[in-house]
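Q: Residue strings, one per chain:
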Amino acid sequence: MISDQQAEQLIRRAYNSIRLTRAVRGGLLCALFYGLVRASDSNDGTTGTSVLIAVCVVWIGLSIQARRKANLTTRASQLIAAGQLSQAREILSGVCRGLCIYKPVLLMACHNLAVILQKQRQWPAAWQFCELVRNWARKNSNRIRILSEAIRAECSLAMNNLVGAYESLSVLSRTALNISERLGVLQAEISYGIRVGRSDTVMADLPNKVALAGLLPTEQAGLAHASLALAAHFAGQSARRDWLWRKASLYCPAKELLAGQPAFGPVAQAISTGETQACKNVSGQV
Amino acid sequence: MAEVDFTDLIASSRPRRRLTKIGTFILIGFILLIWSLLISPETEQGQLIRMLLSLVILVGLGISVIRSVTRRKVLAKCSQQVSDLCLQEKWSQAIEPLRRLLGKPVALAQIRYQGLLELAGVAEHTGQLKGATEIYEAIAREQPHGLLGSLALVGKAIVLLKLDQLADADTIIRRLEVSVESRSLKSLVLLGRLYQQIKTGHYSDALTESSNKCELARTGMSSKAAYVYALLGLAYRHQEMSASSDESPGNSPEAGGSNAEVLWQQATMLLGPDILVEKFPELAELEESYPSAPPLPGTTEG
Numbered sequence: 001m002i003s004d005q006q007a008e009q010l011i012r013r014a015y016n017s018i019r020l021t022r023a024v025r026g027g028l029l030c031a032l033f034y035g036l037v038r039a040s041d042s043n044d045g046t047t048g049t050s051v052l053i054a055v056c057v058v059w060i061g062l063s064i065q066a067r068r069k070a071n072l073t074t075r076a077s078q079l080i081a082a083g084q085l086s087q088a089r090e091i092l093s094g095v096c097r098g099l100c101i102y103k104p105v106l107l108m109a110c111h112n113l114a115v116i117l118q119k120q121r122q123w124p125a126a127w128q129f130c131e132l133v134r135n136w137a138r139k140n141s142n143r144i145r146i147l148s149e150a151i152r153a154e155c156s157l158a159m160n161n162l163v164g165a166y167e168s169l170s171v172l173s174r175t176a177l178n179i180s181e182r183l184g185v186l187q188a189e190i191s192y193g194i195r196v197g198r199s200d201t202v203m204a205d206l207p208n209k210v211a212l213a214g215l216l217p218t219e220q221a222g223l224a225h226a227s228l229a230l231a232a233h234f235a236g237q238s239a240r241r242d243w244l245w246r247k248a249s250l251y252c253p254a255k256e257l258l259a260g261q262p263a264f265g266p267v268a269q270a271i272s273t274g275e276t277q278a279c280k281n282v283s284g285q286v
Numbered sequence: 001m002a003e004v005d006f007t008d009l010i011a012s013s014r015p016r017r018r019l020t021k022i023g024t025f026i027l028i029g030f031i032l033l034i035w036s037l038l039i040s041p042e043t044e045q046g047q048l049i050r051m052l053l054s055l056v057i058l059v060g061l062g063i064s065v066i067r068s069v070t071r072r073k074v075l076a077k078c079s080q081q082v083s084d085l086c087l088q089e090k091w092s093q094a095i096e097p098l099r100r101l102l103g104k105p106v107a108l109a110q111i112r113y114q115g116l117l118e119l120a121g122v123a124e125h126t127g128q129l130k131g132a133t134e135i136y137e138a139i140a141r142e143q144p145h146g147l148l149g150s151l152a153l154v155g156k157a158i159v160l161l162k163l164d165q166l167a168d169a170d171t172i173i174r175r176l177e178v179s180v181e182s183r184s185l186k187s188l189v190l191l192g193r194l195y196q197q198i199k200t201g202h203y204s205d206a207l208t209e210s211s212n213k214c215e216l217a218r219t220g221m222s223s224k225a226a227y228v229y230a231l232l233g234l235a236y237r238h239q240e241m242s243a244s245s246d247e248s249p250g251n252s253p254e255a256g257g258s259n260a261e262v263l264w265q266q267a268t269m270l271l272g273p274d275i276l277v278e279k280f281p282e283l284a285e286l287e288e289s290y291p292s293a294p295p296l297p298g299t300t301e302g
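So the protein lines, in turn, are chains A and B.
Residue numbers 1 to 286, in my numbering, belong to the letters of the first sequence in order.
Residue numbers 1 to 302, in my numbering, belong to the letters of the second sequence in order.
The following block holds chain A by itself, in its conformation from the complex (with noise of 0.2 Å):
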């Protein structure tokens, strides 16, 4: 876990190297056009020629630094798949510290933060991460902005802000998605679903949500099973309800399940008295 002003220091450091960034490829740009021009100078060739092999020097040199923090990136990625958080954060301050002239690494970096703080359930940090992924790649159709707008819709599910939540599922909505980024966004559209009261449209498509929630790790997809029961506990669908809850324990334990998410109490409820309800019924013919 980072302190909160850790996590400031960190959304700081990530601006600066987005401002940073835009400054030098601007720069660099400008110098291009001027050797270019100078180039084709009959009077002065020499300079222009100078500042265009000044140009490709700093471009190579920034280009050699961005491919090992390119690396560093994809390193983190292991290194969070494999649960090791503080090392892949230790990774991913080091570089969003200075400039990158690659856009997508430092956008990368800046989503792998937001996943970390995500799951160490720092929502205002990871909300701000993604916030800044969403305001720097524009374009909806950029995969590391879909993947940042799922986590931004949970985040905002979990400081309450349901205008929020709403914002990233229909930027969402309106994307073509491949399996992976459903699987991200999965959880956020259950959620949202439940929070607004439309559990019968959580309800939809039942089978192929079960499918997803399958292939996702352990905890969420636990997660995932259990607010599928508890929308099928609020649609009155008590079969289907035992059914994912009894499954969502096979993820993770009942208990663990209720003290991540209290809100799952009703449907815990509902099965033991339903299954207290069968035995008395069971004695009773006996």
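There could be a bad hint or two in this list.
Short derived list, chain B residues pointing at chain A, Cβ under 7 Å [claimed, not checked]:
{"id": "1", "residue": "51"}
{"id": "2", "residue": "182"}
{"id": "3", "residue": "299"}
No lab work stands behind these hints: they were computed from the structure.
A virtual CB, placed ideally from N, CA and C, is assigned to each residue, including glycine.
Since chain A is already given, all that's left is putting chain B on it; use the hints.
A: Relative to chain A, chain B alone:
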């Protein structure tokens, strides 16, 4: 099913040496720029040559950067398509995109190794076990340390067990048991060890600390923990069968409520019985003996 030449795909996907691509172009560009500096600027011809050279270099650099970026985008898209198909276990449909992905040199190591691992998965699920071993060997040889190498070795061990090369598989698993640290890898190694114990009939060894094994599989493998549950179920079934043959003949494991049945129900709740049996054909015994978990109410499949 079309035969795939795995050796060809491993070789063709190897990245070219860097100097053959942008590096070469940059080198040529530098030489041309320096040459243009040496041309006398006084003559009109010299000025024209210098300007043209600068333009050629810039346009060439631009084209090569655009081509490289486009190629990367195409690779990423193709890799995503393959990953999606493999995630959904549509192995045979993944063959063509994999051929496209690995048919040419892949500069990005991460995409290449992911593609190779998926190709090994395709080979394993389409019954081309020798091919799968070949791919896992290549990955482990190229990446001897770290996550990828360990993943490839676990995969290889399981395939070797299927090919009845038990001693080789045991050596690999023994080595991995000592070296791996991450939870997800440990659970995969556990799966390999469990399968080896089932193959060799060491059911009581398979059942030692079974609840710890279930817990490790649950936290490390998500839905794929079903494989561990099912293999443990099979070990329980054999143990229960041998116990019942020692005692009264009427006390059969099919009587219901046995550990084997409970584990089979849990496994089939997470993954379909057909997927489980396809991965480990030994599990057909459990499929025939016990009912699978009920499907999601309102559907015909689980």
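Q: Look at each hint and say if it fits the structure.
A: Structure-based check of each hint:
no.	hint	verdict
1	51	4 Å, holds
2	182	5 Å, holds
3	299	5 Å, holds
Going down the numbered hints, you'll see the structure goes against none, and every one checks out.
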